[in-house]
Amino acid sequence: MTTALKEWPLWEIFVRSKQGLEHKHCGSLHAADAAQALEMARDVYTRRQEGVSIWVVESKAITASNPDEKGELFDPAADKIYRHPTFYEIPEEVGHM
Amino acid sequence: MSAAVDYLLHLADNALVLGQRNAEWCGHGPILEEDIALSNVSLDLIGQARLLYQLVATLKGGDCTEDKLAYFRDTHEFRNYTLLELPHHGPLSGYAQSSLEYGTTIVRNFLYSALMALLWEALEKSANADLAAIAAKSLKEVRYHLRHSRDWLVRLGDGTDESHARVQASLDHLFAYTQEFWAHSPAEAAAIAAGIGVDVTTLRADWDAIVDAALSEATLQRPAVSGYVTEGKQGIHSEHLGFLLAEMQSLARAHPNGVW
Amino acid sequence: MYTQSFNVPDSPGAKTVALAPSSEDPALQAAFDARIDADGRIEPQDWMPEAYRKTLVRQISQHAHSEIVGMLPEGNWISRAPSLKRKAILIAKVQDEGGHGLYLYSAAETLGTSRDQMLDGLHSGRAKYSSIFNYPTLTWADVGVIGWLVDGAAIMNQVPLCRCSYGPYARAMVRVCKEESFHQRQGYEALLVMMTGTAEQKAMVQDAVNRWWWKCLAMFGPPDADSPNSAQGMRWGIKRVSNDELRQKFVDATVPQAKVLGVTLPDPDLKWNEERQHYDYGQIDWAEFWETVNGNGPCNKERLATRVKAHNEGQWVREAALAHAAKKKAREMKDAA
Ligand SMILES: [Fe+2]
Ligand SMILES: [Fe+2]
Numbered sequence: 001m002t003t004a005l006k007e008w009p010l011w012e013i014f015v016r017s018k019q020g021l022e023h024k025h026c027g028s029l030h031a032a033d034a035a036q037a038l039e040m041a042r043d044v045y046t047r048r049q050e051g052v053s054i055w056v057v058e059s060k061a062i063t064a065s066n067p068d069e070k071g072e073l074f075d076p077a078a079d080k081i082y083r084h085p086t087f088y089e090i091p092e093e094v095g096h097m
Numbered sequence: 098m099s100a101a102v103d104y105l106l107h108l109a110d111n112a113l114v115l116g117q118r119n120a121e122w123c124g125h126g127p128i129l130e131e132d133i134a135l136s137n138v139s140l141d142l143i144g145q146a147r148l149l150y151q152l153v154a155t156l157k158g159g160d161c162t163e164d165k166l167a168y169f170r171d172t173h174e175f176r177n178y179t180l181l182e183l184p185h186h187g188p189l190s191g192y193a194q195s196s197l198e199y200g201t202t203i204v205r206n207f208l209y210s211a212l213m214a215l216l217w218e219a220l221e222k223s224a225n226a227d228l229a230a231i232a233a234k235s236l237k238e239v240r241y242h243l244r245h246s247r248d249w250l251v252r253l254g255d256g257t258d259e260s261h262a263r264v265q266a267s268l269d270h271l272f273a274y275t276q277e278f279w280a281h282s283p284a285e286a287a288a289i290a291a292g293i294g295v296d297v298t299t300l301r302a303d304w305d306a307i308v309d310a311a312l313s314e315a316t317l318q319r320p321a322v323s324g325y326v327t328e329g330k331q332g333i334h335s336e337h338l339g340f341l342l343a344e345m346q347s348l349a350r351a352h353p354n355g356v357w
Numbered sequence: 358m359y360t361q362s363f364n365v366p367d368s369p370g371a372k373t374v375a376l377a378p379s380s381e382d383p384a385l386q387a388a389f390d391a392r393i394d395a396d397g398r399i400e401p402q403d404w405m406p407e408a409y410r411k412t413l414v415r416q417i418s419q420h421a422h423s424e425i426v427g428m429l430p431e432g433n434w435i436s437r438a439p440s441l442k443r444k445a446i447l448i449a450k451v452q453d454e455g456g457h458g459l460y461l462y463s464a465a466e467t468l469g470t471s472r473d474q475m476l477d478g479l480h481s482g483r484a485k486y487s488s489i490f491n492y493p494t495l496t497w498a499d500v501g502v503i504g505w506l507v508d509g510a511a512i513m514n515q516v517p518l519c520r521c522s523y524g525p526y527a528r529a530m531v532r533v534c535k536e537e538s539f540h541q542r543q544g545y546e547a548l549l550v551m552m553t554g555t556a557e558q559k560a561m562v563q564d565a566v567n568r569w570w571w572k573c574l575a576m577f578g579p580p581d582a583d584s585p586n587s588a589q590g591m592r593w594g595i596k597r598v599s600n601d602e603l604r605q606k607f608v609d610a611t612v613p614q615a616k617v618l619g620v621t622l623p624d625p626d627l628k629w630n631e632e633r634q635h636y637d638y639g640q641i642d643w644a645e646f647w648e649t650v651n652g653n654g655p656c657n658k659e660r661l662a663t664r665v666k667a668h669n670e671g672q673w674v675r676e677a678a679l680a681h682a683a684k685k686k687a688r689e690m691k692d693a694a
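Protein chains in written order, with our numbering: chain L, 1 to 97; chain P, 98 to 357; chain R, 358 to 694.
One chain only, chain L, in its complex shape (with noise of 0.2 Å):
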């Protein structure tokens, strides 16, 4: 079997530093596949008990949105004022709501 000299895969990494948190990304390695990625993440970001569980997911499966579309995608929910609780005012007898 021929190899092309070629560099093992970028990996992300996704902790969860503990029961009841969500995963969060914490970088990236190298990896020849998703099961040694998983194991070299263990060694790479948990060295100080960091993490519970761990994600791995290969870089280029990642989709990102644009930021040359940040506008369009993200300003039109700044005026939406009333999906905030804050935009309602209860009198004040009935507590908390």
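By construction, these hints were calculated from the structure, which means they are not laboratory data.
Built from N, CA and C at the ideal position, the CB exists for glycine as well.
Keep in mind that the hints are not guaranteed to be accurate.
Pairs of lysine to aspartate or glutamate residues, derived as EDC-like cross-links and limited to a Cα-Cα distance of at most 16 Å, are as follows [as the list claims (entries may be wrong)]:
(1) R:Lys442 <-> R:Glu546
(2) R:Lys686 <-> L:Glu50
(3) P:Lys237 <-> L:Glu39
(4) L:Lys70 <-> R:Glu400
(5) R:Lys535 <-> L:Glu39
(6) R:Lys684 <-> P:Asp258
If the Cβ cut is set under 7 Å, some of the chain P residues that face chain R in the computed set are [said to hold, decoys possible]:
(7) Ser136
(8) Ile143
(9) Glu259
Examples of chain R residues toward chain P, derived with CB under 8 Å [unchecked claim]:
(10) Leu429
(11) Ile448
(12) Thr621
Start from chain L and add chains P and R with the ligands according to the hints.
Then chains P and R with the ligands, alone, in the frame of chain L:
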């Protein structure tokens, strides 16, 4: 020396000598990720050695310490398997210099971890409660070492033609040394009789099964072995341990009254 | 540790970064400038001037190279560490430096340069790394002194980089800085313990301090007056504090630590200046520094050759892993079909 002390030293020396060997890769690994992974293995092993030496020091009393045991015993007093002291390369005499060969590292870590995954599990039931506690901690660590080395064994065995040939050569070189696992030393026999140690021969079928399954997945041939059975655990070592200890102990011995 | 605070141009062959504003799309350039001026962050997908990208790749990869070359001088003492505790600490410390290299290569990769390309720059001798690692570690005390002074100097350099304008670099630096304080403290504590030991041990510590002190001061890079790239780095928010300012902070922080330790810093001109409210210090030997940066220090060739050897000898291992992954994938596809 009591049966317990000699047996604990065997376990401790195994961990220290292999930890020392694996640490030789720190900064020289085949890829950064793997460099970091191997250092973790080394740190686990040195941690195990320290706990075991501390236990021995308590049993011996007096001014014995973990560092006295590690740094001020000579070659013939070390009780590790000969397998673990060998340099990371093929069969060469002690003074012959060579490069680090990753196949050798992986094969040795695999053969030893496969044994220790079984042995630590059995030692969780040791009559010596302190040893049982160390075994429970070490078992988790060695299960990861086994996973790591087995994974690489399969990758290298079933990788390229070159990696297959290299790792098969490492296996051919090292496999004969595993015969020492199954030959009881007097210290082991005494520890077994006292309920402290485990009769390793009862683990042999399971070890064979772990090894054979991995070798088959790795498309590697299990070498037939016969002849000289090493006796490191009785203090009769290869030419290599002397160099390893000379280096490891040099600074501590140059300053016998030093504090670190 | 170990950013090269000064941004040394890589050797001939590498392109020099244009300092003039680019001729690229003025609207994009204006938006970029506005974000930088507002102390905003740039993320990988964002438009950025080519010069900014190149400068970052150079700075981050030099920093990454420094971390992994930096594993060698201290790694030199792992096998001989004088106690098992110190051996474990040192392995963990050197391993961390490898981790730092990895985080930084990853950060640089977001700029479109592969790790292999960066390593090629290092291995071919084009790319620079922090010159502090071109000096030998002659005794065990060097390990302690490197932790205390070299990591200490690196922390001074790196803390401001946690606020760097490029998001992935800043985030990598946050992770690195968290780990660095362990490095400095373990080194200083190792020296404190040695100073309670034998006369030989104390002499060993003083000797190591004598050999490393001036090299550490030089780590902050040439005086501000001689650092032409600094201004652009400041403008871009990828350098936050000037070389001389960082060096002064380091001196001021270190003098009292040396006193507690009981060692003398080898500089007759070192004294408190009441007026400046800082310590004055003597002349750094910049000629020696530049000789070493340019490849003619005591260990340059050894360090580089050692990295090249590790990389070359690891090639069959890396290839095998890839080949195996490909085979496994092919088998899975066949099974699924
Ligand atoms: Fe570092
Ligand atoms: Fe560091």
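A quick look at each hint next to the structure:
no.: 1; hint: R:Lys442 <-> R:Glu546; verdict: 13 Å, holds
no.: 2; hint: R:Lys686 <-> L:Glu50; verdict: 31 Å, violated
no.: 3; hint: P:Lys237 <-> L:Glu39; verdict: 15 Å, holds
no.: 4; hint: L:Lys70 <-> R:Glu400; verdict: 13 Å, holds
no.: 5; hint: R:Lys535 <-> L:Glu39; verdict: 23 Å, violated
no.: 6; hint: R:Lys684 <-> P:Asp258; verdict: 13 Å, holds
no.: 7; hint: Ser136; verdict: 4 Å, holds
no.: 8; hint: Ile143; verdict: 5 Å, holds
no.: 9; hint: Glu259; verdict: 5 Å, holds
no.: 10; hint: Leu429; verdict: 6 Å, holds
no.: 11; hint: Ile448; verdict: 5 Å, holds
no.: 12; hint: Thr621; verdict: 21 Å, violated
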